Amino acid sequence: MASAKSLVDSFSSVAQLASAVRSRQVSAVEVTRSQLDRIAQHDATLGCFLAVDEQGALSAAQVIDDQVRAGGGDDLLLAGVPIGIKDMICTEGLVTTAGSKILSGFVPPYDATVVAKLRAAGAVILGKLNLDEFAMGSSNENSAYKPCKNPWDLTRVPGGSSGGSAAAVAASLCPVSLGTDTGGSIRQPAALCGVTGMKPTYGRVSRYGVIAFASSLDQVGPLGRSAVDVAHTLQVMGGYDPRDATSLNQPQPDYLAATQAPLHPPGRRLRIGLPTEYFAKGLDPRVESCVRQAIATLEREGAELVDVSLPLTRHAVAIYYLVATAEASSNLSRYDGVRYGQRVTPREGELPAGQSALVEMYKRTRAAGFGPEVRRRIMLGTYVLRSGHYDAYYRRASQVRTLVARDFAQAFARCDVLMTPTSPVLPFRLGERKNDPLSMYLADVYTIGCNLAGLPGLSMPCGFVEDEGSAPLPVGVQLLGPTLRDDIVLQVAAAYQRLTDWHTRKPSLLAKDPV
Amino acid sequence: MSGHTPPPRISADEIRVTAEMARLLLSESDIPKLSDELSAILAYASSLAEVDVTDVPPMTHAVPDHCRLRGDVIEPHISRDAALRNAPQRESAYFAVPAVFAGSDEGFDSEG
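For the record, the sequence lines run as chains Z and B. Numbered per our numbering, the first sequence finishes at 501, counting up by one with no gaps. Numbered per our numbering, the second sequence finishes at 117, counting up by one with no gaps.
Be careful, since some hints might not be right.
Straight line, CA to CA, 20 Å or less: simulated SDA-like cross-link-like pairs of lysine to any residue [stated by the list, open to error]:
1. Z:420 <-> Z:79
2. B:38 <-> Z:354
3. B:38 <-> Z:425
Pairwise CB distance ranges (calculated) [unchecked claim]:
4. B:61 <-> Z:358: 28 to 38 Å
5. Z:455 <-> B:11: 33 to 43 Å
6. B:100 <-> Z:9: 48 to 58 Å
7. Z:452 <-> B:75: 47 to 57 Å
8. Z:235 <-> B:38: 44 to 54 Å
9. Z:254 <-> B:38: 48 to 58 Å
10. Z:26 <-> B:106: 45 to 55 Å
11. B:49 <-> Z:494: 36 to 46 Å
12. B:86 <-> Z:452: 51 to 61 Å
13. B:45 <-> Z:-2: 45 to 55 Å
14. Z:358 <-> B:49: 17 to 27 Å
15. B:26 <-> Z:235: 31 to 41 Å
16. B:38 <-> Z:279: 36 to 46 Å
17. Z:292 <-> B:100: 55 to 65 Å
Simulated from the structure, these hints should not be mistaken for laboratory data. Computed from a predicted model, the values in this text were never measured in an experiment. Ideal Cβ placement from N, Cα and C applies to all residues, glycine included.
Let's have the full structure, built from the sequences with the hints guiding it.
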């Protein structure tokens, strides 16, 4: 085998890579082959991919090369750029499982809008990335297929639920990937793996063809090596889609222009809000120190710091677990063994007296197909929606959600962006939190508010710390913006990345590539 | 407002009824575990009772956009065959399922 060093890493951005493919400095097939070799080399250890589509990727790359050779392809913004897709997103002809046994073998008959847009821009889909089952989890340990490892320390989790998407970028298995974010599922793994990941404003990106978890919170977004790469990918995948009734019929900002803009808005200084409640008890002091240094970096550039308060933060996790599980219990009722996925039929003699064989089939199919965390959330969601419980739980949670959104709106009246830690803790060890669902849920406290209010949020690396003799582990800083101001989030992130080089670091475990 | 009382523990019977609604077959050993876990999560969530929500409308969606209607026109769509391709069991142009009504002899897995 040739060197498994990623050819892609010799290009500083995906824009530069696409431009090299368009001008025939490098072929899309070469790039794709190099990534496939790298996946073959490392992924048995890492577990990022649930499916690698070698043939599909090479033939898509060949099509791009043919197009370029024939004098076309000038408008392909992602010409030959290899991309991994979270296995929560439908890909025509390529198995899509949501990390669940219940969908094993499911081959979607169509592409999600985001996938169709990426393909149309010349992106090459390498395969499907590992995740917590139905995106329910913060460690990737709820994948029904295999765990995914953190490339910075193989004994630790990559975060979740888009753990494969973050780990694959960190390990240079692909320069960009897609994730989904319902309560932090792009930003938290981005933080734990030392990459940049963004959840756009709710409605900016189509959810058509994206497997639904909690429809009022779910949003698709890109993960990449830098804010510039994330902006470039978002530009291609975002925008209005009539096939998604919640898609925003609004013009997309020029995200790339935002990443080239200065830190400060025209004519005044950037105001960074620091929510008191996000620097409170439970935050690892080593994480806090890195985040404070990132804030100081921008302050030295002239940004003004503003203390703000989001007093309902302490209720965010409770709201989230009532709203998200209620929506999930409804969304996941479609997995019943009738139209797709696995079916478990009762055998003769197994049918309880008076039970319909159809209903018994539903119950057995769902019990066998869903893992423990998914079953727990379906049960909780069903319980809180039951008549007699609805007002006390779901309705009250939705009312407090309104107040959370108002808190954010008040904070943004006084600042342009909020800057906070992404995760209160460092990447934890595999198995460390698995048996305590509530403690796992509480680790999402800084990312959930953004989903409840529908805001744009981004996480990027802001330092590294060692933990009990471990290799250096990445720490993420989160930027949150007002609704529809995805551009200012990217603007501040790119400005920070011009001043620092945390985002360019690579895990040393993989630096010594065999030749 | 404070001093709310945590919700009572979810009983085994409540778990059974909920599982029936969710169409999940539980084993007897699952029931006490789920009862513990759900009770703990709801006890935690009961802090929401402290928040004054008088006259606060519920937020059911992140976008205050009203439901959009689309035109009643035929758009490109997948074929019937493609739609049936993932079905665990089909008969000609239909999804096939076990007997719907209790007491029917049909619908067992005869290969078992």
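Between the beta carbons of residue 45 of chain B and residue -2 of chain Z, is the distance compatible with 45 to 55 Å? 49 Å, holds
Could you see if the CB distance from residue 254 of chain Z to residue 38 of chain B stays within 48 to 58 Å? 56 Å, holds
Is the hinted range of 31 to 41 Å satisfied by the C-beta distance from residue 26 of chain B to residue 235 of chain Z? Given range 31 to 41 Å: holds, Cβ gap about 37 Å.
Is the distance from the Cβ of residue 100 of chain B to the Cβ of residue 9 of chain Z consistent with 48 to 58 Å? 51 Å, holds
Verify the CB-CB distance for residue 292 of chain Z and residue 100 of chain B against the hinted window 55 to 65 Å. 57 Å, holds
Consistency of beta-carbon spacing, residue 279 of chain Z to residue 38 of chain B, with hint 36 to 46 Å: 44 Å, holds
Does the Cβ-Cβ separation between residue 49 of chain B and residue 494 of chain Z fall within 36 to 46 Å? 40 Å, holds
Between residue 358 of chain Z and residue 49 of chain B, is the Cβ distance one that fits in 17 to 27 Å? 19 Å, holds
Regarding residue 455 of chain Z and residue 11 of chain B, is the given constraint of 33 to 43 Å on their beta-carbon distance met? 41 Å, holds
Mind checking the hinted window 47 to 57 Å against the Cβ distance between residue 452 of chain Z and residue 75 of chain B? 55 Å, holds
May I ask you to test the hint 51 to 61 Å on the CB atoms belonging to residue 86 of chain B and residue 452 of chain Z? 57 Å, holds
20 Å Cα cutoff - pair residue 38 of chain B, residue 425 of chain Z: Judged against 20 Å, a Cα distance of about 16 Å means the pair holds.
Hint compliance for this structure: hint 1 is the single one not met.
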